[in-house]
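*Asks:* Whenever a hint applies, use it, and build me the whole structure from the sequences.
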Amino acid sequence: MVKPDLKVRIGALELKNPVTMASGTFGSSGEEYKGLIDLSSLGAIVTKSITLKAREGNPPPRLVETPSGMLNSIGIQNDGVDSFIKDKLPSLGKLRTAVIVSIAGHCIEDYAALAAKLDKVKRVDALEINISCPNVKGGLEFSREPGSASEVVAAVRRSTGKPIITKLSPNVKDISEIALAAQEAGTDAVSLVNTFTGMAIDIDSRMPVLGNVVGGLSGPAIKPIALRMVWETSRKVRIPVIGIGGIMDHKDALEFIIAGASAVQVGTATFVNPAAAMEIIGGIEKYMRGKKIKNIKEMTGCLKA
Amino acid sequence: MNQAKGKILSNEEAKPGYYLMAIKCPPVARAAKPGQFLTVRCGNATEPLLRRPFGFHRINGDAFYILYKVLGKGTKALSSMKAGDAVDILGPLGNGFPWPKGKKDIVIVAGGIGVAPLAALAEKLLKDGKKDISVIIGARDRKSLLCREHFEGLGIKTMVATDDGSCGKKCFATDVLEELISVRRPFIPLIYACGPGPMIKAVAHVAKKRGLEAYGSFEEYIACGVGACLGCAIKTKSGYKLVCKDGPVFNLKEMIW
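Chains as they are written, first to last, in this note's numbering: chain A, 1 to 305; chain B, 1 to 257.
Quick caveat, the hints were computed from the structure, so don't treat them as lab data. Treat the hints with care, as some may be off.
[To be verified] Coverage of chain A stretches by chain B, computed from C-beta distances (three or more under 8 Å per stretch; other residues unrestricted):
1. 33–47
2. 65–79
3. 269–276
Everything numeric in this text was worked out from a predicted model, so none of it was measured. All C-beta atoms, glycine included, are put in the ideal place defined by N, C-alpha and C.
*Replies:* Given below as structure tokens:
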């Protein structure tokens, strides 16, 4: 049998396979993982969210393990967009992997300015709009209501010709409503879900474990909820959906694809096993050979329900 | 830095609640330096989820030892593993202890399980011909006192402090440090420390007062271990630093308490 075709499309962007690295879990350029895995084998790298100006991040402790998951409250620590373009992007230059740059802002103008700056940078293949970070004051605001989400997307759309992915928060009443609003405002795809807000308490000190009190829950604990949200959303939108949430192995990834995702993002799993994404790519390919599926696109949304 | 399969050579209870595990893992062991650390995946389930970090307790050719206290789900799972079992190792990670320049007295201050990485340090210092090494070990009581025989076996002057006086002096390790520094004059040692936060802070205080160079190994919850997730930030005079990538060893004068 010929090699299964794993290529997927996100707007005008073609990925060699549907497995991409989730923002915030893979550094600003993936260089931390260079010696451990073959970055060129990945579908795409979504870089750590950048802001217009540098951000110090939240006070420690910034993470804690919870049952089958983890809470983080990093707070978008980053050196700002200019430093990112100058210091981080060059190391991605030769990589044969798509580079999706995640952007975050405090106001709509921030997002527009970031998109305009990155629009001129050739190595940037697409933008992911992070309107769903639970760890920044105001970070969730834009993804809470369809109106504000669509304003951000429209502003970014006006500022760049590059493909846009909008990353959505699960901490909303109806995530598919936000996805529809983002679609109407011109996003090329939606990625979901970002982390669920949560907390942990030290019963001896009676203090919150995280310096920021609350953080975002990720990992296998959130997978069933994320999967349901991807299924609900993909049935309503016509743009590609990128599935995120506790994907640990190829079986998890396939569940998201069957539910309706065109691609997936792997995050927490990389902490547990740096080779997780590569093993997922291999696992999907093996599954397709076994089931005699020629093209991964046949799999998206093939749920029998 | 490598992710490699290691083979457990032995895993024995050293003291009640404390285990000593020997792991054969050539790509990690051969590259390891005292003060660096590794992470272990404690099983294949999603619980415990994250890899657990350990300092290299002893580095010996193709193998290394970790010394750990059973504290939670990860260390509990590790303690039930047997010789011959395979474990997923990532390391060596972070930076080792800075090496002393020239002829210098060295004082090593250990608190509780913090003694673990200091054994590898002492062994390497001896190998490099450093002779003037003193070790101070602090522990809650006799039952949780670790590595005393090991340091003494290496011929290193070893002092002990316990909270309840059941072994050595009834005081903190840093009280012994203060005494040692004030008795011997002139005595301008380089200090290495690893232990609970309050102990490291007390060491930093003594070092500052006496104008001594001191390094401490720090601990935080670790997710990636390689500097990608920014989860293990710690406050220093030059902003947040990462325990996993910039540390785990820091110059104590750089820290903000």
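*Asks:* If any of the earlier hints don't hold here, list their numbers in rising order.
*Replies:* Per hint list: zero violations.
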